[in-house]
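Chains as they are written, first to last, in the working numbering: chain A, 796 to 911; chain B, 4 to 114.
It should be emphasised that the hints constitute simulated quantities derived from the structure, not laboratory data.
Just so you know, not all the hints are guaranteed correct.
Claimed, not checked - With beta-carbon atoms standing in for the labels, derived distance ranges:
id, chain 1, residue 1, chain 2, residue 2, range
1, B, 19, A, 849, 28 to 38 angstroms
2, B, 16, A, 865, 40 to 50 angstroms
3, A, 838, B, 59, 22 to 32 angstroms
4, A, 808, B, 68, 44 to 54 angstroms
5, A, 808, B, 11, 26 to 36 angstroms
6, A, 909, B, 11, 20 to 30 angstroms
C-beta: ideal position from N, C-alpha, C; glycine also.
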Amino acid sequence: GAVVSQHPSWVICKSGTSVKIECRSLDFQATTMFWYRQFPKQSLMLMATSNEGSKATYEQGVEKDKFLINHASLTLSTLTVTSAHPEDSSFYICSAPGTGKTGELFFGEGSRLTVL
Amino acid sequence: DAKTTQPPSMDCAEGRAANLPCNHSTISGNEYVYWYRQIHSQGPQYIIHGLKNNETNEMASLIITEDRKSSTLILPHATLRDTAVYYCIVRDSNSGYALNFGKGTSLLVTP
Chain A
796 GAVVSQHPSW VICKSGTSVK IECRSLDFQA TTMFWYRQFP KQSLMLMATS NEGSKATYEQ
856 GVEKDKFLIN HASLTLSTLT VTSAHPEDSS FYICSAPGTG KTGELFFGEG SRLTVL
Chain B
4 DAKTTQPPSM DCAEGRAANL PCNHSTISGN EYVYWYRQIH SQGPQYIIHG LKNNETNEMA
64 SLIITEDRKS STLILPHATL RDTAVYYCIV RDSNSGYALN FGKGTSLLVT P
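So that you can see chain B by itself, here it is in the shape it has in the complex:
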């Protein structure tokens, strides 16, 4: 699986958009970008994933650059409950593979 690089921490004011970047310059053509988050003392939660097109769901939007070497997860209106560690993971979509977690970005949403 391709390696990802994320900033270790970010702050965001409540109600503002949180934009979390991820670099994955060695991504290969068949690898997807997945985003998970982990709220303290809970299991990881799936957020969104994409291959090359931008994606949006009820939780977030995923913007993938045209060369696919980086992406941004956007939480449009961050709330205090969005405080968590966000993991960007790149891997093949084969559902038999485990996810390899990096260190992620610790997002703190402040009042």
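In isolation and in its complexed conformation, chain A is listed as follows:
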């Protein structure tokens, strides 16, 4: 099946710094990618939809200036957490729809961010 890869798988940063997370579709093209956030013992929450060649659309309550999304190519979307604070510590997961008719989404391995 299709593979979505994220990098880094985990990152620790100091408060106030910015962190970039990459999401790649390895063997297929994705004009759309989805970014999720998951806090401990909670479910995945959709943050935003990344659209190749256009602006991302954010879910209610997600600050677009804090979570910058760039979808510059058909295989790469990046999420930058700007001026990170401890409350941004979370598990960030990206996903992309496959090219078939099943409606299946393929998920990355996730990136665990810890802000000190």
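Given the coordinates of chain A, assemble chain B onto it according to the supplied hints.
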């Protein structure tokens, strides 16, 4: 997307069948039932999906009731590696839509 209801947790003995129920009484005619699972600290993994017929693949079987208001995911011979949170999600098959995750069922497979 229609809402789903799942039990918060279940236990299953290793080697036995795990039957995970899901209620989706407001499902509409064009909505599919998808099942994903998430092993701790990993991204979700697709298991199976169906519209109205029962489905089977190498991972599991999906049984959908005739009125489509509920379904059951069956892991025929559960192993310790099947311990995970299982999510039942209902949505249209349009591949442009994101999945909205509920709380899922935390399945613990015990030796």
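A quick look at each hint next to the structure:
1. B:19 <-> A:849: 28 to 38 angstroms: 50 angstroms, violated
2. B:16 <-> A:865: 40 to 50 angstroms: 48 angstroms, holds
3. A:838 <-> B:59: 22 to 32 angstroms: Once the Cβ atoms are compared, 27 angstroms apart, the range 22 to 32 angstroms for residue 59 of chain B and residue 838 of chain A holds.
4. A:808 <-> B:68: 44 to 54 angstroms: Because 49 angstroms falls inside the window, the suggested range holds.
5. A:808 <-> B:11: 26 to 36 angstroms: 34 angstroms, holds
6. A:909 <-> B:11: 20 to 30 angstroms: 27 angstroms, holds
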